[in-house]
Amino acid sequence: MGQTRSVTDEAVAAVFREEAGRLTGALVRVLGNFDLAEEVVQDSLVAALEKWPQQGIPDNPGAWLMTTARRRAIDLLRRDRRYAEKLALLEGSPHALGAGAPEGMASEADDRLRLIFTCCHPALAQEAQVALTLRAVAGFTTPEIAAAFLVSEATMAQRIVRAKRKIVAAHIPYRVPQGEEVAERLEAVLAVLYLMFNEGYLSRGASVGMRRDLAEDSLWLGRLLDRLMPDQPEVLGLIALMQLNLARSAARFDEAGEIVLLPDQDRSLWDQDAIAAGTRVLERAAMLQSPGPYQLQAAIAAVHAEARTWGDTDWSQIVLLYDALLRLSDNPVVRLNRAVALSHLAGPEAALGEVNDLAITLGEYHLLHSTRAELLDQIGEREQARQARLRALELCQNPAERSLLERKLSR
Amino acid sequence: MKYVLLFGGTMEGADQLPEEHRAAAMADYEKSGQWFEKYTRSGKILSGEELRGPTTATTVSRKNGKVTVTDGPFIESKEVIGGFAVIDVADLDEAIAMAKEWPGTVEIRPVIDHSQDAAR
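Chains A and B, in that order, are what the protein sequence lines are.
For the first sequence, the numbering used here gives the first residue as 1, with consecutive numbering after it.
For the second sequence, the numbering used here gives the first residue as 412, with consecutive numbering after it.
By construction, these hints were calculated from the structure, which means they are not laboratory data.
Where hints are given, some of them may not hold.
Stated by the list, open to error - Here are some of the chain A residues that sit facing chain B, going by a computed Cβ distance under 7 Å:
{"#": "1", "residue": "A125"}
{"#": "2", "residue": "A169"}
{"#": "3", "residue": "A170"}
{"#": "4", "residue": "H171"}
{"#": "5", "residue": "I172"}
{"#": "6", "residue": "A188"}
Stated by the list, open to error - If you want a taste of the chain B side facing chain A, the calculated C-beta under 10 Å gives, among others:
{"#": "7", "residue": "M412"}
{"#": "8", "residue": "G459"}
{"#": "9", "residue": "I492"}
{"#": "10", "residue": "F495"}
{"#": "11", "residue": "V500"}
{"#": "12", "residue": "A501"}
{"#": "13", "residue": "L503"}
{"#": "14", "residue": "E505"}
{"#": "15", "residue": "A506"}
{"#": "16", "residue": "I507"}
{"#": "17", "residue": "I519"}
{"#": "18", "residue": "Q527"}
{"#": "19", "residue": "D528"}
Unchecked claim - Just the calculated beta-carbon pair ranges, DEER-fashion:
{"#": "20", "chain 1": "B", "residue 1": "A468", "chain 2": "A", "residue 2": "A123", "range": "26 to 34 Å"}
{"#": "21", "chain 1": "A", "residue 1": "L367", "chain 2": "B", "residue 2": "Q445", "range": "41 to 49 Å"}
{"#": "22", "chain 1": "A", "residue 1": "L367", "chain 2": "B", "residue 2": "Y440", "range": "27 to 35 Å"}
{"#": "23", "chain 1": "A", "residue 1": "A123", "chain 2": "B", "residue 2": "D439", "range": "34 to 42 Å"}
{"#": "24", "chain 1": "B", "residue 1": "E461", "chain 2": "A", "residue 2": "D357", "range": "25 to 33 Å"}
{"#": "25", "chain 1": "A", "residue 1": "G179", "chain 2": "B", "residue 2": "D439", "range": "44 to 52 Å"}
Predicted, not measured: the structure shown is a model, and the values here were computed from it.
Cβ atoms here follow ideal geometry from the backbone N, Cα and C, with glycine treated the same way.
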């Protein structure tokens with residue numbers, strides 16, 4: 001198990017996520033330059049990480065960060081004559097930015113929402129959307145994002161720089177989409193949050209000494225989105241999905257930090273309050289009567305959460321929910337999951353047929369091969385199962401999942 | 412903010428397509444004509460041209476100081492650029508909205524603004 005995060009780390013993380021997005025949002029609005037605004041806020045976070053552990057967190061950390069970011073912006077702008085006008089704005093009043101000052105809060109909601117939509121603009125590569133959202137909205141530093149996504153800091157820094165340059169050069173607007181654009185753009189934002197969540201959730205327990213928990217931050221971002229854009233059924237669906245999954249966290253890894261799969265989990269470790277909270281959010285979503293993929297996946301997670309034992313799982317309900325998901329969009333990964341559920345209703349042979357049909361489309365997906373391995377084991381085809389598991393191991397990047405595969409192979 | 416829209420596809424060889432494909436190509440061609448008309452009238456298009464096909468292309472390249480003239484386009488790819496439009500719009504979202512109405516693939520490239528260069 002990774003070392004536990006210190007009280008200071010958690011407190012700093014909490015401040016960063018409350019303040020970073022607000023501050024960046026306000027600065028982008030005032031300066032009209034995403035790249036510069038995002039950079040100076042990041043500089044102020046890095047300065048805080050140096051100073052706060054020794055000096056303690058200041059009484060008004062938002063104001064501290066704002067002052068630091070503002071000074072840094074003034075420094076940078078002084079070097080370039082073309083920005084005289086912007087410089088005057090910053091030098092005039094320390095409260096021009098609004099952040100940290102109550103009178104500026106009115107525009108805060110709008111600023112952060114605009115920021116989220118800019119970071120998750122479809123003209124940016126999705127991996128860059130994820131990185132930018134974490135940095136600009138949730139106040140992650142580049143090394144933290146690099147560690148979370150298992151790439152080098154240099155690679156991650158490059159990815160972020162390139163994306164920010166594109167925002168400025170291609171004139172990606174700093175604006176909340178309107179009208180018929182909303183649905184499509186919101187879908188992109190949710191995809192980013194879900195990808196982020198999965199990355200954090202899957203590697204929980206395996207990541208050593210992470211100061212921040214990507215899964216928790218994704219849930220926080222989901223809730224922020226819900227505050228800024230209330231009553232969006234799929235936003236609620238994703239929040240419920242994340243909550244219901246997180247509720248099972250304590251049971252997902254053993255003391256050695258190894259993955260424990262659903263059938264073997266100690267269900268008394270599941271967080272019943274979190275399950276209840278997730279179910280309530282899902283009910284709120286259902287009242288809006290517009291089903292979508294996140295709500296359906298949350299409903300599947302809820303069926304699992306409600307089962308007292310693995311044997312009590314209502315598989316026919318789960319298969320029905322997968323069918324509903326497939327009607328929304330025919331997706332091979334959903335088909336794969338449906339096949340797993342089906343194996344509990346109709347036996348491994350029936351499911352294996354479906355999984356084999358997916359072998360071409362999902363040939364590069366490690367879970368196809370590990371699922372095949374499980375099913376082949378159940379019908380006694382040990383050697384074929386071993387081959388499938390070896391293929392899964394070749395394709396799998398996630399350390400916790402790799403370790404699980406290795407354990408099964410060594411049995 | 413100026414952008415160049417690069418349109419994929421060409422009408423070259425369309426006359427040799429099987430009947431139903433030719434009809435679809437003609438319908439798209441007509442739509443692209445209407446698109447040009449609409450946005451030229453609204454002032455969004457500053458200029459634009461349809462290009463002859465890649466078999467008519469000539470490439471002049473330079474390698475180690477030596478200039479060579481060869482037949483064909485310089486980008487080796489399945490996609491060919493069939494035309495372009497220079498547009499002037501508010502931001503990338505407006506350019507994307509226009510590109511979505513084009514009956515085919517479009518690459519959007521922002522134009523570098525050199526208008527301030529002389530003043531510096």
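Quick rundown of the hints versus the structure:
Among the interface hints, the one on A:A125 is violated; its C-beta lies about 15 Å from the nearest C-beta in chain B, farther than the 7 Å criterion. This hint holds: A:A169 has a C-beta 6 Å from the nearest C-beta of chain B, less than the 7 Å allowed. Here the hint on A:A170 is kept, as its CB sits about 5 Å from the closest CB of chain B, short of 7 Å. Taking 7 Å as the C-beta cut-off, the interface hint given for A:H171 holds, the closest approach to chain B being about 5 Å.
For the restraint placing A:I172 at the interface with chain B, the shortest Cβ-Cβ distance is roughly 5 Å, inside the 7 Å limit, so the hint holds. Residue-level restraint check for A:A188 is violated (minimum Cβ-Cβ distance to chain B is 13 Å; threshold 7 Å). At about 5 Å, the closest approach between the beta carbon of B:M412 and any beta carbon in chain A falls short of 10 Å, and the interface hint on this residue holds. A hinted interface residue such as B:G459 counts as satisfied when its beta carbon comes closer than 10 Å to some beta carbon of chain A; here the least separation is about 20 Å, so the hint is violated.
Taken as an interface hint, B:I492 does not check out: its beta carbon lies about 19 Å from the nearest beta carbon of chain A, beyond 10 Å. With its C-beta approaching chain A no nearer than about 17 Å, B:F495 sits outside the 10 Å limit, and its interface hint is violated. Annotation: B:V500 was flagged as interfacial toward chain A, and the flag holds, the nearest CB pair being 9 Å apart, inside 10 Å. Interface restraint check for B:A501: the shortest CB-CB distance to chain A comes to about 7 Å, inside 10 Å, so the restraint holds.
With 10 Å as the threshold, the beta carbon of B:L503 comes within range of chain A, its nearest partner Cβ sitting at about 5 Å, so the hint holds. Contact between B:E505 and chain A, as hinted, is supported at the beta carbon level, the nearest pair being about 8 Å apart and thus within 10 Å. Contact between B:A506 and chain A, as hinted, is supported at the beta carbon level, the nearest pair being about 8 Å apart and thus within 10 Å. Contact between B:I507 and chain A, as hinted, is supported at the beta carbon level, the nearest pair being about 7 Å apart and thus within 10 Å.
Taken as an interface hint, B:I519 checks out: its beta carbon lies about 8 Å from the nearest beta carbon of chain A, inside 10 Å. Of the supplied interface hints, the one on B:Q527 holds, with its beta-carbon coming within about 8 Å of a beta-carbon of chain A, less than 10 Å. With its C-beta approaching chain A no nearer than about 12 Å, B:D528 sits outside the 10 Å limit, and its interface hint is violated. Evaluation of the 26 to 34 Å hint for B:A468 and A:A123 yields a pass: the beta carbon distance comes to about 29 Å.
Evaluation of the 41 to 49 Å hint for A:L367 and B:Q445 yields a pass: the beta carbon distance comes to about 47 Å. Under the hint 27 to 35 Å, the C-beta atoms of A:L367 and B:Y440, about 45 Å apart, miss the expected range. Distance hint for A:A123 and B:D439: a CB-CB separation of about 24 Å, inconsistent with the stated range 34 to 42 Å. Our hint of 25 to 33 Å for B:E461 and A:D357 is violated, since their Cβ atoms are close to 45 Å apart.
In this structure the supplied range 44 to 52 Å is violated for A:G179 paired with B:D439, their Cβ-Cβ distance being about 26 Å.
Hint violations for this structure: numbers 1, 6, 8, 9, 10, 19, 22, 23, 24 and 25, all remaining hints satisfied.
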